[in-house]
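Student: Residue numbers (our numbering), protein chains in the order written: chain A, 1 to 235; chain B, 1 to 180; chain C, 1 to 561.
Rather than coming from a laboratory, the hints here were simulated on the basis of the structure.
Any given hint might turn out to be false.
Unchecked claim - Cβ-Cβ distance ranges computed for the label pairs, FRET-style: (1) B:Val-43 x A:His-28: 53 to 63 Å; (2) C:Asp-459 x B:Cys-45: 30 to 40 Å; (3) A:Pro-209 x C:Ser-36: 54 to 64 Å; (4) A:Gln-216 x B:Asp-25: 20 to 30 Å; (5) A:Thr-69 x B:Lys-74: 52 to 62 Å.
As the list claims (entries may be wrong) - Computed footprint of chain B on chain A, listed as stretches where at least three residues anywhere in the stretch have a Cβ under 8 Å from a Cβ of chain B: (6) 94-106; (7) 120-126.
Glycine residues also receive a C-beta, built at the ideal position from the N, C-alpha and C atoms.
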Amino acid sequence: MNKLTIYIDDKQFQAEPGKSILEVCREHDIEILTMCHLKGVNDVGACRLCLVEIEGMSKLLSACTTKITANMVIHTKTERIKKYQRITTELFFAERNHVCAVCVANGTCELQDLGYKVGMDHIRYPFLFPKCEVDTSHPWYVMDQNRCIMCTRCVRVCNEVEGAHNWDVKNRGYQVRIISDFDTPWGESITCTSCGKCLQACPTGALWPKAIVQGQMKKNPEIIDELMERRKMIL
Amino acid sequence: MNRKKIATVWLGGCSGCHMSLLDIDELILEVAKLADIVKSPIVDCKELPDVDIALIEGSVTSDEHMNELLHIRKHAKVLVALGDCAVMTNVTGMRNYFPLKEVFDAAYVDAVSNDSEGSVPGHPALLHLNDKVVPLPEVVDVDFVIPGCPPGADAIFYVLSEFLNDRIPDLNETKKLRYG
Amino acid sequence: MNRQDLKTIIYAEKAKVENNKYKHKIGVCCGAGCISSGSEEVLKKLQEEVTTRGLDHDVEIIPTGCMGPCNQGPLMKYLPDHTIYQKVDCSNIAAIVQSQIIDKKPIEHLLLFADTREKPFRDAREDPFFKSQLKIVLRNCGQLNPERIEDFLVHDGYQALDKTLCEMSPEDVIAEIKHSRLRGRGGAGYPTGLKWETVYKYVNDQKYVICNGDEGDPGAFMDRSVLEGNPHRVLEGMAIAGYAIGATKGYAYIRGEYPLAIKRFETAIKQARKMGLLGTDILGSNFSFDVEVRIGAGAFVCGEETALIASIEGKRGTPRPRPPFPAEFGLWGKPTLINNVETFASISPIIINGGEWYSEIGTPKSAGTKVFALAGKINYSGLIEVPMGTSLREIVFDIGGGMQGGGEFKAAQTGGPSGGCIPAGHLDVKMDYEALTNLGSIMGSGGLIIMDQTSDMVDVARFFMEFCMDESCGKCLPCRVGTKMMCDLLQKICDNRATQIDLDRLEELAIYVKETSLCGLGGSAPNPLLSTLRHFRNEYQNRLIRHEQKDQIEVPSNIQV
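Chain A on its own, in the form it takes in the complex (with noise of 0.2 Å):
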């Protein structure tokens, strides 16, 4: 197949039509921060970390799902990136309570990990204090709200991996929560196979298994893609 010519930060690439730019620069070691992106399952988008600038185009572009194009010229480390960067995660942090010190995510989750590498050492708004369940009607995992940050990775998991579609969004807005089932109590969930697919693509510590304390937490949300390339060979 021909190949396309990119410009990636002034330098040049070649890259196959069809792959995002995201896929192009994480082949090429250029680093883009992402939150929602989680290989093996679908982009959707929405945390808007990828965002890159695209000369000809007035938008910012997610590098997700942007497609490279012939002659793309793209920079992924503008001041102005660098700084809506540094804004999305303060956000992040924010919008919910992420009291790392009481997390069992602390050292391993991804959201502190962006925070390290945007700079981020406060953060400029009001915490909005929402009120939040935690959910732990389930045997083995626990749901916590609070540390949620609606990239969606295990709706997407649990939809496309497994199958199963337990969880979905409600409400809209800053009132927006992950569900099991239509809203229900996650251990009474009649689609869960309590596969724990959805654990290991959670970024933070707002999905964990009951066995662990606090900072115990090791994710690896790679195995997601590995079962669906390991899937792709067998079919």
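Mind docking chains B and C on chain A? Use the hints.
Tutor: Leaving out everything else, chains B and C in the frame of chain A:
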């Protein structure tokens, strides 16, 4: 060279940040070469004089903290928020989900105790808790923040030594940024 | 039905009108505005009155669509003379029938604008309210009965479809629309012909036409009035679009809050199907097209095209990033054309009169007319249609009859929660897409709210921000959290608790949300804020706590650290 003056203050926090400060161990001697710690929970001084650097642990939870912080702001050249509570309320802020009365009741009235007559203390000399806990930057202009719960001793020492040598620290560059 | 059959029906209908057995025709406005002020009772009472007087064979009573001056409703129009009575209630119907029908002279003090004009006009078309307007989209609104297809056929209904199918190729239609320079009336103003051509060029076994009737801006009711007043016109536009791009299926997405529009549009679909104007082999051609109504469930964001498509597909109504655009990857992954109600309603006049005719109306870059929902602190509000390039001054003072109670014009808000405001200094702005964009506002779908000196611009910004915050779908972070943060900051300013730092932060957030949001809702949510900041920054500044004041907070002397 003028010796600098340092103050460390403990507001609404668990004192863990001060423990971390003590963890700088023998490096305190390096600090002592350049500055005096004139006011601190470990120093017997009642009034806050004018200082060059004020390290403040904990968030603002009461009227007393509020007034104290406003006072410090007037007397400190550099005000440093020390630790997650001071920077972003952290654990102390978790009571913000509940009305103040529920918080008091949980602590004093409904708590399991030998004494069945639990009541909320109301002596006029006691401080009054604010409805909501806020971090320092919502009350005063903060010059520098050291997040972490607690911040590492090396981060605290790094910041102190930079300020004492009239340099601006950068936690990000030195990879000393940490929360939780 | 083939072409000849249609002609026969039209001739028969026209003959009926010409040899009309009725000597008199009275229209009663049955648009949503007049119905809510009681026009259904008026209609009933009028019918009784006519029957009582034994005039059933002389007087035809027509429940019509919107007549325009909505705040004067219920409106009643003596059709032959275009005499409009305002604020009609059941008590003065007998007098009107007596005077207008029997004595053949109107009752002056009940005429339209009789209470505010020195001398009201017997022929309402002479009144500046109507005289300054040019009705293309709304041409037959307020004259015909929207629930009778025959009424529409008499007024050249489906003639454009007939012409398209029998005389034009899809390429011709697209060329004609391109030539007309019509731009999308949903708000963004994308050239309609270009959009049609793009969808036309994608080769696929199935394509779709979608009519966006999810009008959600507070204070806007253009699409509603068109759907209620002349649904067949929209249907015809959709069928023509279907022919042009090669689609056989159309969806009309109408918001659930418009039950009357839904009912009338569904009636129109049934009638058109019955007459063979929808269905297979329309008018003897080999073109087949059918339309279904989909009802929106009350989400503002479903007016955004990708969210609307998701909603039609039965999914949660949230937008997705573009590209790919719906023209390439739309409903169920097929090439899809989405246009607004008003755009579709503009199609048939263009086909009948030619693109050249249409392009000569308006300004060089924005051709044609625009319907506005005029509201606020002016004397006459309602539904108006003016050529692009009409100045705001004309709209406010000629059509709107000036400020209410002699107030002072302060600003006009256009485009609702996605738009901005135009201050008094720009009263002479020629209203078209470019001019409004240059002023930091947008044309939007056509909401136009006039404000006087009593309006507080910070509060206006806060109101619209609250609206966007409530209506954000919650999918992308900047819109979900950003609108909430901005709303809180605006509330802080309104409560006189904010400082300059808050204002700077608010401005930074506004630009951030505008540039990073996934869809148009978040992308335009900061517009009212940015626009009021641009034109009325002092109103924000005056509300701030000054830094000196902050330092004056006294520390009680008994508390010493």
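Student: Are there hints from earlier that the structure breaks, and if so, what are their numbers?
Tutor: 2
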